[in-house]
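Go ahead and model the full structure; you've got the sequences and the hints to work with.
These protein sequence lines are chains A and B, in that order.
Heads up: the first sequence runs through residues 0 to 243, numbered per numbering that gives the first Met the number 0.
Heads up: the second sequence runs through residues 0 to 119, numbered per numbering that gives the first Met the number 0.
Some clues are possibly wrong.
Stated by the list, open to error - With the Cβ distance kept under 10 Å, some of the chain B side facing chain A (calculated, not the full set): (1) 6; (2) 43; (3) 45; (4) 52; (5) 56; (6) 101.
Unchecked claim - Computed Cβ-Cβ distance ranges for the label pairs, DEER-style: (7) 100(B) / 137(A): 38 to 46 Å; (8) 33(A) / 70(B): 26 to 34 Å; (9) 28(B) / 12(A): 28 to 36 Å; (10) 28(B) / 77(A): 21 to 29 Å; (11) 12(B) / 108(A): 46 to 54 Å; (12) 226(A) / 101(B): 43 to 51 Å; (13) 77(A) / 13(B): 50 to 58 Å; (14) 173(A) / 70(B): 54 to 62 Å.
If you're looking for bench data, these hints aren't it; they were derived computationally from the structure.
All C-beta atoms, glycine included, are put in the ideal place defined by N, C-alpha and C.
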Amino acid sequence: MRQMIAGMKQLDVSDPASDHLASYLYTADSRMAGLITELDDLMAEPRNDTMRKRAGEIMEMIAMLSFMALSGTSTIKSFQSAGPQIDLLVEGSDLHWKLVRKYCYFRKRRRGLVVEAKATGEKVNDAVFARLCAIMDHNLPHVGLGVFFTFNGASGFPTPESSRSLRTLKDCRLRQALYYARTRKPVIVFDSMDIRQLAQNGSLPQLVHEKVKEISEATGWATPPVASFCKRHTLPKHLRDLLI
Amino acid sequence: MRLVIGHRLAFMTEILKRGMNALLRAPGEEIMPHVIAIKLGISRAESLAIIAVLEAEELVESKLLIYHECELGVPAGAIPFGKGFPQLPWTCGLCERSVDTYDELRFDVQARTLVAVEMV
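Take a look at the structure:
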């Protein structure tokens with residue numbers, strides 16, 4: 000493990016070779032798969048208040064286990080501040096965390112990341128997205144990344160089912176782009192497809208890396224499964240034919 | 000196949016490139032980080048970075064060798080390199096026991112050249 004991390008230090012984060020070594024920054028917790036199944040079951044049926052509360056708790060548990068399993072994490076907090084409720088505040092301090100931060104495109108001198116878990120049947124709306132941006136600005140100026148854990152994603156984001164790329168910026172996706180342009184702090188959204196992959200070793204840093212890159216690239220496609228990152232072709236047919 | 004290193008691996012001097020080319024001169028050559036480290040006089044971490052670059056360029060096929068404490072001298076299994084550590088529980092290919100902790104496992108990386116490679 001130490002050798003993999005030290006090997007990664009030799010490479011630039013933009014080098015595709017760093018993806019191979021970054022996969023060793025995350026070894027999924029053994030409890031993750033069971034929680035994901037339980038969340039899937041809870042979200043599949045009409046829910047009463049007890050089930051909604053349980054779904055929210057499981058979403059927070061998944062978020063916490065995933066960042067606990069990320070190499071370099073040193074502290075995880077969840078608290079009701081004098082202002083807003085903070086679902087999870089994750090920080091690290093060692094060389095591993097430095098590499099995580101570099102690979103996930105945090106800015107220098109931004110030590111932590113903040114997680115907001117939303118286990119609702121709806122997409123996260125612009126007001127909720129704006130609230131997290133405001134918390135990062137006013138309450139947590141030292142964090143470098145915001146992460147939403149959701150089941151249905153956020154409004155304005157491309158969905159995995161869509162057969163065409165989304166070429167408009169609107170709702171949360173617009174706010175994400177504007178906030179990133181203004182502050183250089185990425186706020187990313189995990190949906191159920193992404194969350195299901197968190198039981199797989201190596202997935203978390205690569206998902207974050209891809210999602211942060213997508214803010215600038217704006218390909219308009221949903222994040223592909225980690226297993227097919229390398230095989231993804233967003234090329235038009237006349238260029239794709241050259242690969243065969 | 001020529002592989003332009005440029006600034007990708009800052010520690011690669013011309014001498015190291017020549018040494019590496021000798022290890023990659025034909026398809027089917029097997030390389031491991033400790034072998035590269037000894038032959039070139041570099042660290043294992045630097046050797047791993049070289050293998051990661053070769054793998055990213057699809058010039059080698061590499062795997063993560065898994066050793067179990069039942070027989071540490073022989074790999075008990077292998078999975079593709081760059082996909083994280085094996086999922087637990089993992090079944091040892093030698094003693095056929097189900098392993099549910101990484102403490103019982105050791106790892107190494109092995110790469111096999113798919114073509115002759117010349118680093119420049």
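Here is how each hint holds up against the structure:
1. 6: With Cβ-Cβ at 8 Å, under 10 Å, it holds.
2. 43: Constraint on residue 43(B) satisfied, holds at 5 Å.
3. 45: Interface hint status for residue 45(B): holds (6 Å vs cutoff 10 Å).
4. 52: 4 Å, holds
5. 56: Holds. Min distance 8 Å.
6. 101: Result: holds, 7 Å to nearest chain A Cβ.
7. 100(B) / 137(A): 38 to 46 Å: Holds: the Cβ-Cβ distance is about 43 Å, inside 38 to 46 Å.
8. 33(A) / 70(B): 26 to 34 Å: Between residue 33(A) and residue 70(B), where Cβ atoms are some 32 Å apart, the hint holds.
9. 28(B) / 12(A): 28 to 36 Å: 29 Å, holds
10. 28(B) / 77(A): 21 to 29 Å: 51 Å, violated
11. 12(B) / 108(A): 46 to 54 Å: 34 Å, violated
12. 226(A) / 101(B): 43 to 51 Å: Given a distance of about 22 Å, which is not inside 43 to 51 Å, the answer is violated.
13. 77(A) / 13(B): 50 to 58 Å: 53 Å, holds
14. 173(A) / 70(B): 54 to 62 Å: With Cβ atoms ~58 Å apart, the hint holds.
Checked against the numbered hints given earlier, the structure breaks hints 10, 11, 12 and satisfies all the rest.
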